Every structure is written in structure tokens, then in C-alpha cells.
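Chemist: Each chain, written out:
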Amino acid sequence: MSMSYSFRLAFQSIIRDKWVNLLAVLTIAAGLLFTAVTVLTVFNVNLITREIPKKFSVNVYLKENLQKQEIDNITATIKKEPSVENIKFIPKEDAWKELKSSLKNTEYILEGLNENPLPDTLEIKLKKDSINPDAVKKISTMLKQIKGVSEIEYGEKFLSSIYSLSLGIKTIGLTLIIIMSAGTLFVCYSTVKILFYRKNREIETYKFLGATKWFIRFPFLIEGATIGLCGGFLGLLGLLILYYFVLLKVGSTFPIFSSFVFPLNMSYLLPATGFVLGVIGAVIAIGRIRY
Amino acid sequence: MSMSYSFRLAFQSIIRDKWVNLLAVLTIAAGLLFTAVTVLTVFNVNLITREIPKKFSVNVYLKENLQKQEIDNITATIKKEPSVENIKFIPKEDAWKELKSSLKNTEYILEGLNENPLPDTLEIKLKKDSINPDAVKKISTMLKQIKGVSEIEYGEKFLSSIYSLSLGIKTIGLTLIIIMSAGTLFVCYSTVKILFYRKNREIETYKFLGATKWFIRFPFLIEGATIGLCGGFLGLLGLLILYYFVLLKVGSTFPIFSSFVFPLNMSYLLPATGFVLGVIGAVIAIGRIRY
Amino acid sequence: MITFENVSKFYDNQTALRKISFSVERGEMAFITGPSGSGKTTMLKLIYMAEKADEGRINVNDMELSQLRESDVPVLRKNIGIVFQDFRLLDNINVFENVAIALRIRGVDEREVKSKVFDALKLVSLRHKTDSYPTALSGGEQQRVAIARAIVSEPVIILADEPTGNVDPDTSAGIIRTFKEINARGTTILLATHNRELFKNSGKRVLKLDFGNFAGEEIG
Amino acid sequence: MITFENVSKFYDNQTALRKISFSVERGEMAFITGPSGSGKTTMLKLIYMAEKADEGRINVNDMELSQLRESDVPVLRKNIGIVFQDFRLLDNINVFENVAIALRIRGVDEREVKSKVFDALKLVSLRHKTDSYPTALSGGEQQRVAIARAIVSEPVIILADEPTGNVDPDTSAGIIRTFKEINARGTTILLATHNRELFKNSGKRVLKLDFGNFAGEEIG
Ligand SMILES: Nc1ncnc2c1ncn2[C@@H]1O[C@H](COP(=O)(O)OP(=O)(O)OP(=O)(O)O)[C@@H](O)[C@H]1O
Ligand SMILES: Nc1ncnc2c1ncn2[C@@H]1O[C@H](COP(=O)(O)OP(=O)(O)OP(=O)(O)O)[C@@H](O)[C@H]1O
Ligand SMILES: [Mg+2]
Ligand SMILES: [Mg+2]
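Residue numbers (our numbering), protein chains in the order written: chain A, 144 to 434; chain B, 144 to 434; chain C, 14 to 233; chain D, 14 to 233.
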């Protein structure tokens, strides 16, 4: 059996049924585009929400009039905590300036104050996996017991809401990805299978003429693979067009989207998936060949 | 031509090709489920972000020692503005209490103050379509010129970021919905069409036997409609399962999702779309019948 | 009943019929014969309008085919019963339904369908295959189902294209006898065949074709 | 070459063959005849293993069919050229490719394919239809393509099922002449037909079937 012959047979068949094959290609393209859009959207939303916890910090207000030595000791103690990412010392003068500037137009609130009432502060950033209500509560109890610490402050509400938000987005995102991917793959597979069904008589004729299993299968596999591959490339093309024209345009108006990440080095996945689906669809559609 | 005969013919045909028809039904179900999930997700995300602007307000700080009458006049003037939704008067005592409670652990900042330094405030909520940077700037200029007003304050940064966020979500949501819906409808249509292609010879035979166009079309339309309808109902079933099991479960863990809205009264749309797609797919697949 | 006047039919690379004139009277039974590829099937196709003549005029059952409106084509075809050379049975319905479809298309009352179908199947000796599907029939059985479908609706005209190509001489003789009986009741029959046995000593007219040309007429 | 020993074949509701014993020697040409539905096609199907015998033993080309491994079925079939009663042409490739496929399956060198296909098409007078697709051929032309495909690979055995059902007597005689020539070069040929002309005065053996039963043997 000559390879080139199988290819010729496959392409003749593709060309003869060009319209319905085109439809199948477009269907697969649409399907894969779906999955890609879903995955990218979820991926990017997740990326954005991952930034939120970075804004979370625990503020340790120190007692007044501590020596530099004492502050260093406290810092060192805290640093030993495995969940602490880094510590920043904010002298009360800086905190005062910041408060003033944050009040801006209403700074006359502070007019009656002669003296800076703010304490020195240690601003602690926690490691990402420690930013959840339980872990933070534990650490703050621990911090309170350190000598020289007067108060611990952190946005309890902020913490619990970012925590549930990011978990929720992860859950819903994963659910979406699973539904969409499974559905899409099924749709692509089903399209190829429906396309190939009723070739039974053709296959039977080949068998009766003495063709071996691979002689029969090969042209069909090539046909399926070609259709799947074309679908994959077309889907990729659609995705790129979508990315460049829609998102870069939206991004120029809404800067939040200009940081939209598109992993170009993963783009081979679309044609590859299409190829695999085309082949599998064809294989299963042809079925087990028995003589 | 008897109707019941067309139905019998259609159902015989459906049953004879049951596996591939089942595949088509599942494909359509998956497709419609996609669209529904996308539309619902976008719809709900949009619903949540629509709540954000409600938190936006413009604060008008009044000069000290105004008479009740003067304040009422100012309120009336502002109320005339078409973009104003409502106005709330916050006496300086209330503002003071609020400030104290918001500082909570750090209220000693205010210890040095003997007297409430805060002014009386009018809190203005704007109509939704006026919450955009330009409109707010215009209104605040206008407000400043009112006699008795000392300062205007609004979160400029907050405003511009919620504005771009909600616009961005709308844009990306709409884009997603359009892509997904168009793609899904195409996939469903294409599936029915591929399913029906190569019935040419069958149709030709009917024609040669003297069948009228509608005699020929009817069984095929019934077949297409049944497949589409089944697909639609199955998609709806999938959606309901997804809603009750996944979302209500997720919602119990993450309260943000428990407010997920599912417009039950729109659920007829899935079977209806499936039906229409099945019929259209079949009609186009059969093509223009010429004798 | 059927009149050809200088009819020609060309396929892309091929003349299938060249200036054929021929007519079959109402109630007549006639044969078309000629070697393989001489245009017999094409002639029948022109009559039931599966193909359109490129030249000349065809009149069938007082209808001028070139002037027929599209919506009248089914009307024309309902007057004709056709035995196709390749049978054209519908694979997804059984033998009974394959024959019954000719009646259903003509809107025959459901109560009559059953008895008429059984009668037709009896005529071709296939009563025992009523529930079989076409793919489970032998070649000759399929051909006889096609014949049953053509006669069941008692059409005004029967066109039969090589209706005995897959049956044995005895069955073949039986089929011709059946056609003659139907013809005797007034039905016009045009039968394309290369089986000389069918028209030998029949006393019917035989039109001879050769490579699309008229090649004489004889009495069988 | 082909030996049946008490072979029976049952379909769901039907006995297609009952205890048939029969043999065809290497290089012999033999006929099977019998009325429509008597089991001719079934007998041929058993030989190329499209169906399996329910009882009895079949030996083809020294292969015991009941003991054949699945992977040997193509080997068996490559030794056989088949003219199917319903032709089984592939609609999506042209006449040339339809004939060439028999060679391609057998791995014949591409350089030989062209000349062999043209020779076979010439034998059935279809050189001028090389580029046509099966759907644009007349019934007889399709049948001749099927014959060309069966003989082009010069198989050891040729099975022909009603190979002249759609051709005129002259063409038919030509085809039988061709088969006889091929047979004279050593090919075993088994031909199922109800056309008595084919075996009349041929001097070949004729197996008669009737409703699946052996109904005698005669010399044509
Ligand atoms: N659709 C078509 N396209 C091109 N050529 C065609 C088409 N149909 C028929 N022909 C050619 O027209 C000629 C006449 O065909 P037709 O089927 O009328 O022959 P026929 O007399 O019925 O032959 P047979 O006895 O073999 O059935 C043949 O050469 C055939 O190849
Ligand atoms: N797949 C099948 N399922 C059930 N019955 C079948 C099947 N194939 C054939 N038969 C039956 O077996 C009997 C023998 O069929 P076969 O095709 O061998 O007849 P034949 O001698 O070739 O007839 P013909 O001359 O009409 O072609 C017929 O009655 C037929 O209906
Ligand atoms: Mg013909
Ligand atoms: Mg047979």
C-alpha cells in the first residue's frame, strides 16, 4: 500500500464533499475557540484576583518610646515566623504625613492636634498561602504577645472577602473550564463521527475487495486528521484575531485589559487538539473493522 | 398526505439511526448549555459590578453655622439637577461619630481634639448614568458655585476605576456572549446539516415517486425539530443540574455566589432555540427542492 | 399518451439522445431496446422529468413538458409508476412501507393501503417478505419490490427500466404477464429492456436505439 | 479449488442454503443458477467470507474457511475477483480509480497500474468513460466497470454474480467470451446467473439451486 495513494484518496474525498467538510472544520474551529476563550478568560481573571492579596498587610502598632534596639528585636522575632514575607518599619512621622495627605481636603480635622498621636508601626506582608482568616488570626494572637507591641490591626472584613472571592473565582473558573472543555471536545468528536457515519458501505466494499485494515483506515484517518487540524488552525486564527483586534482595542480604552496575558507558546495546543480529535473521531466512527 | 404518516416516518428514521442522532442531540445540548452558561455568567458578573456604583457618592461640605433655611435652599437647588438621584443631610455630629467608629482602635488620634472639626455634609447619590468622570466633574463644578458650599469631595480614583471596570466588564461580557452564542448556534446548525447531508438520493427518490415538496420536507423537518428540541431540553436539564448542585453548593461556601441569579422564566429559551435550529438546519440541509 | 418530437439530450461530454421521434398511444404497451448506453434510461428519465430535453418537444398525458410549471411536476409523476433500473428502494423502511409509499404520496385512504400493498406484493410473490428491509433481500427480490411499488397505485402510465434484469426466466415471464394484464385494463406501459425474450412474439411495438440514435422500429 | 461440504446458511427467518455439497476444480469454469432468492448470492458470499456458514465446511484455494484467522481474510480475498450483483462501485472516485483500486489493494507497482486498468477497461469497451464518475454511467456501463475491477488484478478465482443482468445480448456474449478466455489461462471462475443463454452449449457444469436446496447439476 502506498502512502501517497492514501493521501490522494483522502484529499479527493475531502474535495468532493467540500461543503460539509468545511462545515465540520468550522464547527471544530468554533469549538476549540470556545475552550480557548474560556480558559484564557478564567486564567486572566484569576491572574488579576491573585494581585489583590498583595495589598493585604497586618499592622503592628508599637508601644511609645521604644529603643532602636528593642524595635530591632521585635522585627527579628517576627521575621522568624514562617508565614511572614517581609516587614517594613514605618516611623510615626511618616505615618503622620501619610494620614495628613490622605485626609487631603479635610485635614483641618487634625488642626487641633499639636503633637503626633500616631505610634510607630511595623507593616507585615504575609506569604500568599497564609492569607486566610484562620492563619491571620493565629499570627495576630502570637504577635500581640510580643513585648513592646501595643496593638494589632488588619482589615478583617477585607481579608475574608478577598479570601472568599479568590476561592470562589477559582472554583467557578475551574467548573467553567471543565464544562466548556469537556463539552467542546465532545462536540468536535461528535462532529467528526457524524461526518463519517454511513461510510459503512464504502468500508465494506474495501473489505470485500481484499483491503487490509490499515489500507481502509488510512485514508479516513488522514481525512479526519486534516479536518481536525484545519479546524484547530482556524480556531487559533480566530483566537489571534480576537486577541489583537478586540482585546488590544479594549485594552487601549480600559487599561485593566491591556495586561491581558496570552500565552503564545501554548498556541500549538489548538491545532494539536484538533488533530487528535479528528483522528480519534474517525477511528471511532470507522469502528472496529472485522472481516 | 397524512400528518401521522410523516411523524411515523420521522420517528422510524430517528430510531433507525439512533446512535448518531443521540450524538447530534448531545452536541446540541452541549452547545446550548455553553451559551446559557456564558450568558448567565456574564449576566451575574454584570449584576455584581452594577452594585459597585451605588457606593459612589459626592460629598458636599457646607460652610459652618448655616441656618436650617439656608441648608434647605441648597438641598432644593441641588435636587433640581437632573443627574441627582437623592440627597442625604449628615449633621456634623453624625459625621464625627462615624469618623470615630471608623478609626476604632486608633481613635486616640482624635484625643487632642476638644471640638468637632467636621462640617455638615450633604451626601449626594447620582443617577447611574451620570456616574462617569466627565459628568461628575461637571456637576461638582456646578455644586461649588452654590452659596454656602465650602468643599466638594469625591473619590476621583475610585470613580474612574469603577467606571472603567464596569465598562470593561460590559464590553468583554458582550464580546464573550456574541462569540459564544454565534459559535454555538453555528455548531448546532452545522450538526443538523451534517446529519442530514447525503439524504439527497432519498429525497430524489421521493421526488421521482411524485411526492410534493411538503410531503418530502415534513418528515425531515419533524426529525430535525425533534433532535433540536431534545437537545434543547437536555441542555436545560444540564443547566439546572449545574445550577442546583454546583452553584448552590459553591454558594453555601462562598456567600457571594448564593446571590447568583437564574432567570427560570427564561428557561423555555433553550428548547425553543434547539427547536428552531433543528428545523432551520434540516430546511437548509434539504435545500431548495426542485423537481 | 407519450409523444417525442425530435428530442435530443446532451450530457457534458456525450450525446445521449439525438432527434428521437416516437409515440405511444393511450393504452398501448411498447418496448425500447438497444445496447448498453444507447439512451433507454435517458428516454424514460425525460418522460418523468428527471432530466430535461435539450431539444424537441415531449408530451405526456396531454401535458407539454417544456411548459409544465414546477408545481405540476408532482401531478405528472403521480400519473406514472416507475420501475427504476437501480430500484431506488428506501433502505430505512421495510418492504411494506416501500410499496405503501406510492399510495401515501397519492393520498390514498389508510384503510385501502394495506390490502392494495398486499395485493401488489402477492403479484410479485413477495408476501412473505413484507417485514424485511431492502438490504436483507436478494437482488431479484429487490427488483420485484420496485415493480410492486410501480403498479400498486394503478397509475395511468408505467415506465419500467430493465425490470427483469435480476430475475429468472420464469419469474420474468410472470412479470411480463402481469404487465400485459395491467395493460389490458387500459394502462399505458413503456418498457426498456435488452432482454429480447420479453418482447419476442408479443405483438407489441419495439423502438430500437443505438448510441442515442433512432435505429428502427419493429413488432415483437 | 472451491469445495462445499454439507453447507447450510440460515438468516433470522429464512434458510438461504441447506446442506449444499459442491466443488469447482482449479481452472474450472462453473455456473450456479436458480430462481430469484434461491441462494446464489449467498453461496458466493460464503466463498469470500462476507457471510459465515452455519453448518458444513468450505475450502477455498486450500484454505479451510472456518479455521481462517481474521488476518488471513484479506489474503483469501486478494486471490478472488468479485463482480457484485449490485456492483458496489465507489461513488466518490472515477471509473479509472474504481478499477485501479483492485490493483492498489494488491500493492501493484504504480507504473503497471495505468496500463492494466486501460487494458481491462478496453475489454469491457469503456476506455472512453475513464474519467466519468459511477453516478454518470448507465446501468450496463456500471456493471462493466464492476467486471473490469474483478478481472484487472488477474486473480486466481473470479466470482461473478449476475454479471450480465444489465447488458444487451451482444455485450453479454462478449463478456462471457472474455471470461472463457481468462478461464483458459487457468483462472477458476464461478458465475451465478439465471440467464440460460450464458451457459447454454458452453460445455460447463451448472449447479442448480431451488429455495436453498441442491436441485441437480447439468452440463450446459
Ligand atoms: N448523469 C450523466 N452524466 C453524463 N453522462 C451520462 C449521465 N447519465 C447517462 N449518461 C450517459 O448517457 C448515455 C446513455 O445512458 P443511459 O443510461 O440512457 O443508457 P441505457 O440505454 O439506459 O444503458 P443501459 O442499458 O446500460 O442501462 C451513456 O453513455 C451514459 O454514460
Ligand atoms: N442479510 C439477509 N438477511 C436476511 N435474509 C437474507 C439476507 N440476505 C439474503 N437473504 C434471504 O436469503 C435468500 C437467498 O438470498 P440470495 O441473495 O442468496 O438469493 P439469490 O439466489 O442471489 O437471488 P437473486 O437471483 O434474486 O439475486 C433470499 O430469500 C433473501 O431474502
Ligand atoms: Mg439504463
Ligand atoms: Mg443474488
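Because the hints were derived from the structure by calculation, they are not lab data. Check before you lean on any hint, since a few could be wrong.
[Stated by the list, open to error] Below are the SDA-like pairs computed for lysine to any residue, each with C-alpha atoms no more than 25 Å apart in a straight line:
1) Lys127(C) - Asp85(C)
2) Lys240(B) - Ile282(B)
3) Lys356(A) - Val126(D)
4) Lys161(A) - Thr348(B)
5) Lys342(B) - Tyr306(A)
Here the structure is a predicted model, which is why all the values come from computation and not from measurement.
Chemist: Does the structure keep Lys127(C) and Asp85(C) at a Cα separation of 25 Å or less?
Modeler: violated, 28 Å
Chemist: Is Lys161(A) close enough to Thr348(B), meaning Cα to Cα at most 25 Å?
Modeler: holds, 24 Å
Chemist: Going straight from one Cα to the other, do Lys240(B) and Ile282(B) come out at no more than 25 Å?
Modeler: Roughly 28 Å separates the two Cα atoms, so the pair is violated.
Chemist: Given the hint that Lys356(A) pairs with Val126(D), does the C-alpha gap stay at or below 25 Å?
Modeler: holds, 22 Å
Chemist: Would you check the hint for Lys342(B) and Tyr306(A), treating anything up to 25 Å between C-alpha atoms as holding?
Modeler: Status violated; Cα separation ~57 Å.
Checked against the numbered hints given earlier, this structure breaks hints 1, 2 and 5; the rest are met.
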